[in-house]
Amino acid sequence: MAAENPPGDGRLVPDDFDDDHAAFLTVQRVAGADDGPLDGATVAVKDNISTADIRTTCGSAMLADYVPPYDATVVERLKTAGATVVGKTNMDEFGMGTTTETSAFGPTDNPTAPGRVPGGSSGGSAAAVAAGQVDYALGSDTGGSIRCPAAFCGVVGIKPTYGLVSRYGLVAYANSLEQIGPIARDVAGAAALLDAIAGPDEHDATTRHDTREDLDVDGHPADATSYADAAGGGIDGLSVGVVTDLVEGADEAVVERFEAALDDLRAAGATVHEVSLPSVETAVQAYYVIAMSEASSNLARFDGVRYGQSGGYDGDWNESFATAREAGFGEEVKRRVLLGTYALSAGYHDKYYRQAQDARAWLKQDFDEAFETADVLASPTMPVPPFELGESLDDPLRMYLADANTVPVNLANLPAISVPAGETDRGPAALQLIGPAFGEERLVRAGSALE
Amino acid sequence: MTAQTAQARDLATVIGLEVHVQLETDTKIFCGCSTEPADEPNSRTCPVCLGLPGALPVLNEAAVEAAVKVGKAIDADIPVETRFHRKNYYYPDLPKDFQITQYDAPICQDGRLEFSVEGEDRAVAIRRAHLEEDPGSLQHVGGDIDTADYTLVDYNRAGTPLMEIVTEPDFRSPGEVRAFLAKLEEVLEYLGVFDATRDGSLRVDANLSMVDADAVADDGAIDGSTLESANRTEVKNISSHKGAEQALAYEQSRQKNAIQRGADVAQETRHWDESKGVTLSMRTKEEEKDYRYFREADLPPLRVADWKKRIAIPELPAARRERFREAYGLSREAADKLTSTKQVADFFEEVAEAFDPGLAATWVADELLGELNYRDMHVTDVEGRLDEVTRLVELVATDEITAKNAHETVLRGMLDGGEDPDTIVEREGLGKTGDDEVADAVRDAIEANPDAVADFHAGEDGALNFLVGQVMQSTGGSADPGTVNELLREALAGD
Ligand SMILES: [Zn+2]
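In order, the protein sequences belong to chains F and X.
Counting with the numbering used here, you get residues 1 to 451 for the letters of the first sequence.
Counting with the numbering used here, you get residues 1001 to 1495 for the letters of the second sequence.
I should point out that these hints are in silico values taken from the structure, not numbers from a laboratory.
Being a predicted model, the structure only gives us computed values, none of them experimental.
Ideal Cβ positions, reconstructed from N, Cα and C, are used throughout, including at glycine.
Treat the hints with care, since some could be wrong.
Quick list of simulated restraints, FRET-style, between CB atoms [claimed, not checked]: (1) X/P1301 to F/A268: 30 to 36 Å; (2) X/V1141 to F/D34: 49 to 55 Å; (3) F/T373 to X/E1036: 56 to 62 Å.
Take a look, some chain F residues computed to stay more than 12 Å from chain X by CB distance [claimed, not checked]: (4) V272; (5) D303; (6) L344.
Stretches of chain F that chain X covers, calculated by requiring three or more beta carbons in the stretch to come under 8 Å of a beta carbon on chain X [what the hints assert, rightly or not]: (7) 51 to 65; (8) 169 to 180; (9) 246 to 252; (10) 290 to 299; (11) 366 to 380; (12) 441 to 447.
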């Protein structure tokens, strides 16, 4: 793998910029406002988040030359908060992967466990934070893409509640599932970054709180909330439900670290009990059907007319589009677009897409019930330690199954945090805490108790 | 069946429509770009309507309000919650290669529209009417779609709110379609949600099939299986009422001829070529289209349960027509004319309020509309000159100028020269000549034309007309011919 795609191939990283793990695709500094809560902080931005005048590739050859004319809302907010954007980080192509190896620009190494993958799809962002290249990074999480690399690199990542953070400017992979979120070396840092980016945005209708009738709150949950202040807040009396379905079958060394973390929570005053979520059994299948279906539509616009290499002018438009897409997309992207197209097709729509929606509804209901007896739910973030580089690339199914613990959270639109839980013999392990909708403060408080 | 029996069959025509109308809003349906047409291609665009990666749609509620107004006007059901779907297909005029439209919860369902055709009242059921985004427009350079050297894309139009109105197959003739479209446009203009003058603001796809006349019940109903088994053609590229009637009349006789020859009518999509006046089979193979509809997660469902109550609509043409007849005592013909568009009706009411409604009706319905029509102008072109038109009517009503001068000189001058009526009256000396002046002119004419006077006494009718002409000439046409006639007879009688 590394031989075919040596780091630096197609990357715009200056020679004097220290990027030993190949975390960055483009290094280009943009200073923020003169003061603000993030004054002086450096931030890396995942390369599927639009940055005005800085190319935004999504890790794809299709967008190798695409330079957005506008900033994503989160990037605007970072600048307003005084942060300096350092550059754009490597990722699985369009977010489709768990290892950052499907990037058209080659893999990223794991700074915490060299020779192993940094996780994905926000692998570059987690690696840049783990290596100390930046203070913070932004990732995006469609089925675990923030939490997985945070876990594999031994840093903290938060997947916010759907609708907490604006997606305006995030190049969509599966738009009903994904959120932009923070990656940092500690919980307080991740919370501070979340403070900077969360809140309603007139450009993203799903951040409009007034459409959420089920919530008994005035205004947007991020208004007048300080997530950073919640860090270190104490968890005396916190009720933690361990999702047994997500612990069974996990790697022994990972489970060992997970149990130790639970002990730490108990020691800090929490109570721990077991809960079962039978619906997680169908979550991975449902996740992939929904994500691939949405991807088949979201990625349709990359047809060679305005993006990627032109498909030429022979034959009709469809032939030209097909040529451009064949040339511009990698294998994993093609696989998911084709499967998603199939799942939405007449005759299969009911069998796949509708069933997946039913599974999603069942899961939401299961989570609602679980939160009747628990303040937060816990599981290992990843059931396994980081893979070795190149190990899983030819085995998509193995890669998909590694998402078992993270995808239920996206399907249920819930928030979750991944916090380091020590090292296994093959790299870091991590604890995932899941909260009820807009329960980020609670997650920050609980997560910080482990530090 | 043999050709013989086919010829003997009586056939009935069945037509259903999908009408796309652009709703008039200030900004596009999912972004803040202006909907005003622009000369410079791609100048009314932003990341959203260009479909740039990462851009998200945000619903312009003004488009939904306009759609609810249409729903009220066609007496449709408005759902508790309306939502959007994606319709996936690849086409270069679609910035995202999918169109945001409505699928299972359209903004309007089960409506109807009444109209009259050749004096007979008809109603057509409207199955649904939904909102969607207009694609951009393509310009084929150096040929048509098949032969062009290259094709240019302009996204200025992309994102203009469109309403697709789907009727039941209730039409039985091309003439009905034309009358329906005229009525629909009238209603939309009344609601203030539609601008017929905008290019491409109305686009029609029509389905037409022929069935056995026996299959049509007395009330016009046709059972579903008859419709299913009849092969129908979908005619696309219709952009006017007249075009719809012509295209469907062509298609009707084409199908009728085929059936009477004993040939099959292919189920296909045909393209209306307005310049040639024919429908042409679109060469592309008609495969079953699969748009892979699914929910647009970027747009949360919108609760519209109380919008029907909340949103008011103006008085509709039929009601206004009735009111005009009753309140102002207008004839049916005058009331029809004066309610032909909302602007005309508003204009008339303003004039009528300031003055005598009967006179206002004549002046607006006959004189003004006639002269505007002659100049290819619309009432909207003189909207700002309401006071001037009112003044013109007043000049006639108070007998200050003659009706003839008011029409031929003042009104035409107002429209051609842009001047106000008083300026024209003064410059042209049109103020009605005083009685003394006319009397003087009569005396002068008699003195100056002894031959004509002699002829009059000899019983020659033409002589009086000659003298009237002389008086009119010397008074610059401002005298009332009837009065002149009378004065001349009096003077000559006492001669
Ligand atoms: Zn726009």
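Against the structure, the hints come out as follows:
For the hinted restraint 30 to 36 Å between X/P1301 and F/A268, the CB-CB distance of approximately 42 Å leaves it violated. Taken as a hint, the range 49 to 55 Å holds for the pair X/V1141 and F/D34, whose Cβ atoms sit roughly 51 Å apart. Between F/T373 and X/E1036 the beta carbon distance is about 58 Å. The supplied range of 56 to 62 Å therefore holds. No Cβ of chain X approaches the Cβ of F/V272 within 12 Å, the least distance being about 35 Å, so the stated non-interface status holds.
Taking the minimum C-beta to C-beta distance to chain X, about 6 Å, the non-interface status of F/D303 is violated against the 12 Å cut. With a minimum CB-CB distance of about 4 Å to chain X, F/L344 fails to clear the 12 Å threshold, and the non-interface call is violated. Counting residues of the stretch 51 to 65 of chain F whose beta carbon lies closer than 8 Å to any beta carbon of chain X gives 3, which reaches the threshold of three, so the coverage claim holds. Counting residues of the stretch 169 to 180 of chain F whose CB lies closer than 8 Å to any CB of chain X gives 6, so the stated coverage by that chain holds, three being the minimum.
Coverage of the stretch 246 to 252 of chain F by chain X is violated [criterion: at least 3 residues with CB-CB distance below 8 Å; count 0]. With 4 residues bearing a CB less than 8 Å from a CB of chain X, the stretch 290 to 299 of chain F meets the requirement of three and the coverage assertion stands. Only residues whose beta carbon comes within less than 8 Å of a beta carbon in chain X count, and the stretch 366 to 380 of chain F has 0; fewer than three means the coverage is violated. Counting residues of the stretch 441 to 447 of chain F whose CB lies closer than 8 Å to any CB of chain X gives 0, so the stated coverage by that chain is violated, three being the minimum.
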